[in-house]
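Heads up: the sequence lines are chains S and D, in that order. Using this note's numbering, the first residue of the first sequence is number 1, and each one after it goes up by one. Using this note's numbering, the first residue of the second sequence is number 1001, and each one after it goes up by one.
Since the hints were made in silico from the structure, they are not lab data. Computed from a prediction, not measured in an experiment: that's the story for all the values here. Cβ coordinates follow ideal geometry from the N, Cα and C atoms, glycine included. Please note that the accuracy of each hint is not assured.
Here are the computed distance ranges between Cβ atoms for each label pair [as the list claims (entries may be wrong)]:
1. Val76/S to Pro1153/D: 46 to 56 angstroms
2. Lys1059/D to Phe212/S: 51 to 61 angstroms
3. Lys1059/D to Pro73/S: 50 to 60 angstroms
Interface residues of chain S toward chain D, partial, derived using beta-carbon atoms under 7 angstroms [claimed, not checked]:
4. Arg98
5. Phe105
6. Gly109
There are 2 protein chains.
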Amino acid sequence: MSGTDHSLLRPARYPDAPAVILVDPQMGENIGTTARAMLNCGLSDLRIVRPRDGWPNEKAVSASAGALDVMPPVAVFETLPAALEGCHQVYATTARPREMVKPVFTPHGAAADMRTRQAAGQTIGLVFGGERAGLTTDDVALAHGIITIPLNPGFTSLNLAQAVLLVAYAWCEAGDGTPGRVVPTGDSRPAPHEEVEAFLVRLEEELESGNFFRTPEMKPAMLRNIRALYLRAEPTDQEIRTLHGMLTALIGRKGTVRSGKCEAL
Amino acid sequence: MSGTDHSLLRPARYPDAPAVILVDPQMGENIGTTARAMLNCGLSDLRIVRPRDGWPNEKAVSASAGALDVMPPVAVFETLPAALEGCHQVYATTARPREMVKPVFTPHGAAADMRTRQAAGQTIGLVFGGERAGLTTDDVALAHGIITIPLNPGFTSLNLAQAVLLVAYAWCEAGDGTPGRVVPTGDSRPAPHEEVEAFLVRLEEELESGNFFRTPEMKPAMLRNIRALYLRAEPTDQEIRTLHGMLTALIGRKGTVRSGKCEAL
Chain S
1 MSGTDHSLLR PARYPDAPAV ILVDPQMGEN IGTTARAMLN CGLSDLRIVR PRDGWPNEKA
61 VSASAGALDV MPPVAVFETL PAALEGCHQV YATTARPREM VKPVFTPHGA AADMRTRQAA
121 GQTIGLVFGG ERAGLTTDDV ALAHGIITIP LNPGFTSLNL AQAVLLVAYA WCEAGDGTPG
181 RVVPTGDSRP APHEEVEAFL VRLEEELESG NFFRTPEMKP AMLRNIRALY LRAEPTDQEI
241 RTLHGMLTAL IGRKGTVRSG KCEAL
Chain D
1001 MSGTDHSLLR PARYPDAPAV ILVDPQMGEN IGTTARAMLN CGLSDLRIVR PRDGWPNEKA
1061 VSASAGALDV MPPVAVFETL PAALEGCHQV YATTARPREM VKPVFTPHGA AADMRTRQAA
1121 GQTIGLVFGG ERAGLTTDDV ALAHGIITIP LNPGFTSLNL AQAVLLVAYA WCEAGDGTPG
1181 RVVPTGDSRP APHEEVEAFL VRLEEELESG NFFRTPEMKP AMLRNIRALY LRAEPTDQEI
1241 RTLHGMLTAL IGRKGTVRSG KCEAL
C-alpha cells in the first residue's frame, strides 16, 4: 500500500509522537524496517542502544524505503537509561511475562494511556528488544509499563518491525478521527424516500403487467420484501435514475404488446 | 516477539477466521510473509490468484517462519471470483479511493463488521493486491466493502505482509478479551487500606523523630502529599512489608540516639 503525498514528505519530524528505542538491535535491515514502520504511523524519533553493527548503517537506510532519509538523525546511546532521557512514561514491549508488579497493556490499552498522557504534555518512550534476545528483565524494569500483543498462542512469530508497527499503529489509530465506516457517494447524494418510492411504485406496476404476482394474497408480502432489498442498498439519486432506465429497457419498446396490454406512450 | 506454545502448533486450522486472498502476488517471499502474518493472528485460509512464479514456491515456505508448514494447503485460482467461493462478505484493502459507491472501513471498523457477520454464520474474505500494482478497480468491484488503513499521509509505505497484518490483527483484537491494562501481582495481593495506613502512620512517626516537618502548619499537607504518592503506587502486601523493612534500615540500629530521643525497642 503506497500513497505518500510528496508535498508532506520533508522534513518528517513529529515531535508529539512517541519515541522508539531499540535495545541491542542486531541487523541493520531491522533498524531500517523499524524506521519505515514508524514513519508510516507518524513517529519520527528513533533511538538505538548499542547497535551491533554500529551507526550509520547503509543496510538500514536501504531497508527503510526512504524513511531514514527524511526522519531526524537517529540518536545512538550506550545504555538504555541514557536513551530514555526526556521520556516521562516508558512502555516496554515484550511477550514474556516478568516477575515484577508492573502494568501490562494491550497495544490498544497502551495507546489510550499514551494519548491521555500526551494530552497532559508527557513524552512517551516505546522500548523494543533486539532480534536475538528481546529485552532483559533489567531493561523492562526501567519501564513504567509493559505492552504485550495478544496473538495466536499456537504461533507467535512477529519480526521487530511488525511489533513496532502494531504498537505504533495502535497509537496512530487512537488519535485518528476517521469513522469506522463511511459510504462515499461522490457527486451523488442518497435518494430521499419519495424518489425510492416512486421507483418502487413504477416497479410494482410493471411487475403487475408482467404477471409477476401469481396470487393476490402473496402480493403485499412480496412487495415488502422487494422494498426491503432496495432500501438495504440505500440507492443514490443517480442509482434511482439508473434503475428507472434499466426498468424501461427491460419492459421493452414503448407500445410493445405485453400480456394483452398495449402501452401507448 | 516469539512465544509459540508448541502444543498448539499442529495443525493450524482456523475455519472460523477470515480467508485471505492475494491477487497476482509477485514474489514468493511475500506470499510466505503473508502466511506468517496471518497465522500470528489466527488466520489459516490463504488463497492466491495467478501467482507470478507458480505454486508451490520454496521461497514462500522459507519466508513463512514455519507458517506454511502447518497451515492447510494454499488454494490457487485463475480468477478472483473463483477464489471468493464460499465467502459471504468480502473486503478489499486498498489505499486508492475508487469511483464506486461502496462502504469504506478502517481496519477497526471492518473488524467489528466482520465479527458481527461471523456471529451470524457468514464467511469473510479479505482481498489484497500484489506488490506491483495493487488491486484493479474491477477486483475491488467484486467486494462488498473497502478497507483503507489510515496512516501518515506524508509517508505511506507498507509492504504486503504489513497490510495483511494490520487488518488481520484488527480482526484478532476485536475478538480478544484481554483487558487493556492489568497489573499482575503474582503471589502478592494489593495491600488493603489498613496495611497501607499502618505503614504511613509509622512513617509519619519516624519522619517526626527525624525533624522532617519543619513547620507544624505545613505538616498536614505534606502528610497528604506523601500519602498520595504511596497510594498512587498501589502497593502490594509484600511491598508494604518491604517498605517497613526499608524504614527500619534507614532509621538505624534499634536504640540509636537520634535527635535526642532514645528508641528502646
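Kindly confirm whether 46 to 56 angstroms is satisfied by the beta carbon distance between Val76/S and Pro1153/D. violated, 29 angstroms
Go through the hint on Gly109/S and say holds or violated, using the shortest Cβ distance to chain D against 7 angstroms. Holds. Min distance 2 angstroms.
Minimum beta-carbon distance criterion (7 angstroms), Phe105/S to chain D: At about 5 angstroms, which falls below the 7 angstroms cut-off, the nearest Cβ of chain D leaves the hint on Phe105/S intact, so it holds.
Take a look at whether the Cβ-Cβ distance between Lys1059/D and Phe212/S falls inside 51 to 61 angstroms. Hint holds: Cβ distance 56 angstroms, inside 51 to 61 angstroms.
Using the nearest Cβ pair, does Arg98/S come within less than 7 angstroms of chain D? This interface hint is violated because 9 angstroms lies over the 7 angstroms limit.
Starting from the hint 50 to 60 angstroms, judge whether the C-beta atoms of Lys1059/D and Pro73/S obey it. violated, 35 angstroms
In summary, the numbered hints that this structure violates are 1, 3 and 4.
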